[in-house]
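Just so you know, the sequences run in chain order A and B. Residues in the first sequence are numbered from 1 upward in steps of one, following our numbering. Residues in the second sequence are numbered from 1 upward in steps of one, following our numbering.
It should be emphasised that the hints constitute simulated quantities derived from the structure, not laboratory data. Among these hints, one or two may not hold up.
To be verified - What follows is a set of in silico ranges between Cβ atoms, one per label pair, in the way DEER data are often shown:
no., chain 1, residue 1, chain 2, residue 2, range
1, A, 248, B, 119, 56 to 66 Å
2, A, 102, B, 21, 23 to 33 Å
3, A, 30, B, 216, 15 to 25 Å
Keep in mind that this is a model prediction, so the values were computed, not measured. Virtual Cβ for every residue (Gly too), placed ideally from N, Cα, C.
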Amino acid sequence: MILGIETSCDETAASVVRNGTEIVSNVVASQIESHKRFGGVVPEIASRHHVEQMTIVVEEALEKADVTMDEIDAIAVTEGPGLVGALIIGVNAAKAMAFAHQKPLIGVHHIAGHIYANRLIEEMKFPLLSLVVSGGHTELVLMKEHGSFEVIGETRDDAAGEAYDKVARTLGLPYPGGPHIDRLAHEGTPSVKLPRAWLEEGSYDFSFSGLKSAVINTLHNAEQRGEEIDVKDLAASFQESVVEVLTEKAKRAVEEYDVKQLLLAGGVAANKGLRTRLTEMFETSDVELVIPPLSLCTDNAAMIAAAGTVMYEQGKRSTLAMNANPGLML
Amino acid sequence: MIVLAMDTSNQPLSLAVMKDGAVMGEKLINIKRNHSLQAMSAVEELLGSLDLKPGALDRIVVAKGPGSYTGVRIGVTLAKTMAWSLKIPIVGVSSLLSLAWPGKYFDGVVVPLMNARRGNVYTGLYEYQDGWQTLEEDRNMAMSEWLTHLAEREENVLFTGADVEVFWEEIQSVLGERAYHVSTEEAFPSAAVMAKHAEGLPDEDAHGFVPNYIRLAEAESNWLKEQEKKNG
Ligand SMILES: [Zn+2]
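Chain B with its partners taken away, still in its complex shape (with noise of 0.2 Å):
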């Protein structure tokens, strides 16, 4: 069983090829580079150097949002049509879940974190036990309140993700000695973790596979807002 595993929802680009469920090889970018551009390629490297050809591979797992709308599509797209071409398997992880590695060992709760501008984050709760598992759903919410909401758990919180420097103060202010936050040299994702936590995942179908944008788009909401007022 060879599974490819891929995350483009921020600027790292991370890629896995599993074999039985054990790392065959890796590969993370982590400059400033479009997806767009590079992704493929970098695919194509990376079976390259495992002497590895397209029609090698058993599934295929893709960090399907939240992050960069941009980047999370680009992902989504090679992934579900590589998927429907190879007539293979596809399974979404969380990309949240793609930052949490750092707190596998760590004695408290995990809660990685993406920036979405105007003080607000795409983040969730996570805790590692016999494989990672979600507490409390991915989510886009003022940095404020999910502090707010995190004081109340009275634990240990490590913070994951290279946008927890942003927060930081806010943080500390918050929740003072009970938070910790990943160093900068594990601030990135991995497309192992999110292969192996994939295992336990069924398989979806590539047709119908979209990113788990979390957010409506702009536009959209602003309709929806005038259709309210319009209706009511």
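Looking at chain A on its own, in the form it has when it is part of the complex (with noise of 0.2 Å):
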């Protein structure tokens, strides 16, 4: 069994998992009821919130597996990607404790949790590809095999996620943005041209600013002309762009890589009309598409546990002088 222990953006989260594959527990405390004032993460509050609640969140997780530390294997923990003071709480707790209890301590990359909470739901069978897209993220990851990951495409500027607040934000919507545009979407019909960025011939990356600034250059063209806009309209039709790239790409690379999975990953993974045009584009297909529950997409421990499973499993440990890495490579 694994303890798993992620803080690397707002949520202070602590998991107990069984080989890898099975949640024992899974307790997140999010934040996002003290960030929603300022419309954003600030890093300073959200380091102030994981040291407050990090001791409470990990005796919760350990009462509710109804396990002691003794019966943990090792601590696996978030090393990075992510806010650097965020990431430090969640590390230096995890080394205290894999030292107090004199346990093994794993450096979790942030992505590979997020990979492997597919691994919870479904038995990975490789080669797979992942589709990561998060407010951090936006890649395409093949796996041949348990803990390698080469990243075949990634974005180039902005992340899915990161347009998909900064877009929110043009339209006025409350923080976090993501979860409404997906709804307001479902309302509205795609009849607002909107550009897709399909880049080079054959290149799996992506670029989304250039899709929020048609966004925000669409609504002020129409406020200056004095023409009502519906919102509605103008989300679904930033969405399909955004859904139809990420789809689109992802079909090639499953197709070129001849993989067996395809595993949505990252906290847009929640978004439904990402979730139904990858269920659409799969159904007939010999390809297995694996999408977690909402729960598991976004931050969670339990990801970091099952990713932190294989690693130890490999034998891979982490020494006392482990610090957080905000710029992790996977």
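Make the complex out of the two chains shown on their own, each in a separate frame, by following the hints.
Below, the structure is given as structure tokens:
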């Protein structure tokens, strides 16, 4: 059994996972209510909340799992990437526990965690491709075996989730904006012409800043002309563009690399538009599409424990000199 | 009774292990290196060199602030998580008191200083009489204002801590010959002094233990100001 800890952004989370596949407990203390008043995550506030919540959340995870630290084989913690001041709290708490209980310590990459959230739903079959879409990341990751990650495409500017938040702010929607756009998109029709950034032929990279600017310009131009723009239609058009690029690129990569599974990962995986399109796309395909439930798409510690389990089995260990690494590479 | 004390509030890392009130071992590192990287390993090394296992600890004392937000948080997170893990009590001591120790036999009052930028300091007023006494609570204020206040006391004042240098000219211009400062080899915190002082302090609960930042986060104080404007 592995104890996972995650504090890379605004969730203080701890979880106990058995065999890397079974969630025994999964506790997440969200700070979203506190950050709402600022219209986004304030790093200093996030760090302060993590310190307040850390031991409480871990204790709750152990209690809910009905285990003691004696039964835990190792402690896995998000090492990066993320907000450095937030990561530091999880990393140091994990080090203190590893030291106090003399347990192995394992530093986990946050995105590896998001991908491994899928293993809590369905066993991985290699080679596989993972589409990682979150507030900070938009990546296509190829995995040929456990613990091996090859980034075949990534965003060159804004992450998809970032574009969602910025567009939402322009539309005057409350933070966090992603779910609001998703909801509005379902009520509107994609009637506004917006660009799709396919980039050079064959590229699996993404770019969303042009799309974001196009949405902002459309709004401003309409305003200047005194025209009324239907926010629902604009949201639908924006979402249509994001989803089309994401799913088309994923589909092409699935074919080129001849993978057995496509795993959806990251907070934006909660997006209904994206889920629906992928489900339709792979309905008749031999490739297995795995989409975790919402609670495992957003940041949590079960995914860190799941990824940490594989690293533990592969003999990977961190020392007490491990530091938070906001720019950690996958 | 074995006590581990630690201070990571500013650049120096100060650790001490005490047995029944006497120092078993100390560690001081005073170079620019991230506490998140070094503090836990330093604790492990110090305990190891004393042939102590983590389970031997009976109490943890930590500098709870003020200081660098990140530095204070690292110490507090390590301390509270160790205390909770080992099921032993935690006690917080002012990071300013940790700097006051060179003034133990000084004839006058002791003022530890930390540079809080833009002319502000974290400071407090201490005196040693049968142990360290807090004459005025830790605060964050403009140095100029603090000096005016200190001038009214008409006592000798010893300024402690590495940041005294920054303000020395200003201090002298207000307090003149009543002002004294520690020399550089005394300008670091002492976890051992914190541990000793903590003997007289009650145990605290690890879950509820938080740093004493003194200042609100900038975003929060701005937000409060805006709320006041809206309501006022
Ligand atoms: Zn994430």
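Evaluated hints:
no.	hint	verdict
1	248/A x 119/B: 56 to 66 Å	57 Å, holds
2	102/A x 21/B: 23 to 33 Å	28 Å, holds
3	30/A x 216/B: 15 to 25 Å	22 Å, holds
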